[in-house]
Amino acid sequence: MPELPEVESIVRRLRPVLVGRTIETLDLVRRDIVTGDVGVEALPKRAIVQVRRHGKSILVALDPPLWLVIRLGMTGQCLVAPRGAPRPAHTHAVLTLSGEPWELQYRDPRRFGGWRLARSLNELTVAPDALALRRATWRAIISARRGQLRALLMNQKILAGLGNIYTNEALFAARLHPRREASRLSEAQREALYRAIKTTLRRGIRWGGSTIRDYRMPDGAAGRFQERFRVYGRAGRPCKRRCGARIEKLPAAKDAQPAFFCPRCQPSG
DNA sequence: TGGAATGTTCGGCT
DNA sequence: AAGCCGAACATTCC
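Residue numbers (the working numbering): 2 to 270.
Watch out, some of these pointers could steer you wrong.
[Unchecked claim] Calculated lysine to any residue pairs in the SDA-like style (CA-CA distance at most 20 Å, straight line):
{"hint": "1", "residue 1": "K199", "residue 2": "A152"}
{"hint": "2", "residue 1": "K46", "residue 2": "V70"}
{"hint": "3", "residue 1": "K199", "residue 2": "L186"}
{"hint": "4", "residue 1": "K199", "residue 2": "L134"}
{"hint": "5", "residue 1": "K250", "residue 2": "G237"}
Calculated from the structure, these hints are not laboratory results. All values reported here derive from a predicted model rather than from experimental measurement.
Construct the entire structure; sequences and hints are all you get.
Here it is as structure tokens:
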């Protein structure tokens with residue numbers, strides 16, 4: 002579920018709650034959600050100096066130096082609740098902060114997400130973050146890769162942050178068909194896609210991300226960007242550019258995740 | 001009622 | 001070797 006705008010929305014709300022506090026206790030209900038260089042007993046007594054994001058990952062900088070990297074997978078949630086509050090089902094870990102009346106609850110029903118304790122971020126940040134993407138970096142990426150545009154945008158090793166929702170929305174904004182060959186875009190189309198990625202992500206953040214189902218901000222609030230989707234999940238409904246066409250949904254069978262696009266605004270040629 | 005679908009990522013195969 | 005496919009998991013929806 003959570004793509005870049007959802008994770009950014011979470012990070013912005015987590016930051017004022019966590020930064021400057023010290024981890025007091027960790028209650029790890031499921032040990033297997035944590036991996037990394039260091040055991041979880043390393044967490045208590047460390048101070049939280051920074052909360053950042055790269056792509057879809059939450060990066061918590063600790064002192065003495067250590068990174069807690071949280072990836073939410075499809076259904077991960079970081080909730081801030083009063084200390085000792087009831088834990089929702091599938092809560093795998095709970096952090097308390099010294100002297101504070103709240104706790105951080107981590108839950109993830111499908112368990113595609115997890116925590117990683119790392120001494121450095123090295124490999125994690127090799128792919129550029131889609132929101133921080135520089136034009137020169139983008140040009141290097143788009144001119145060096147082949148394959149379908151949609152697959153390229155969703156590949157986290159190439160560009161970090163876009164998932165199915167924002168890929169579909171950005172391709173619509175750039176008026177490019179999801180199946181277009183990435184290496185065959187005109188100069189104008191590359192520029193249009195670069196801008197579309199940025200503006201689409203920023204719109205997603207402005208609306209607090211998209212709540213289709215599980216995604217919540219730390220206080221439990223839902224995002225509202227789903228009200229603004231132009232193609233995602235809108236198969237059969239009219240294009241919002243009022244071009245008269247109906248939004249189409251690509252395969253369903255072959256692709257694990259369906260693509261949505263407007264056949265008139267996003268010609269395959 | 002069971003089968004399909006869901007926002008992700010990894011490993012394995014070609 | 002980069003690119004595609006299925007699997008990992010749990011819940012909801014038809």
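Failing hints, ascending? none
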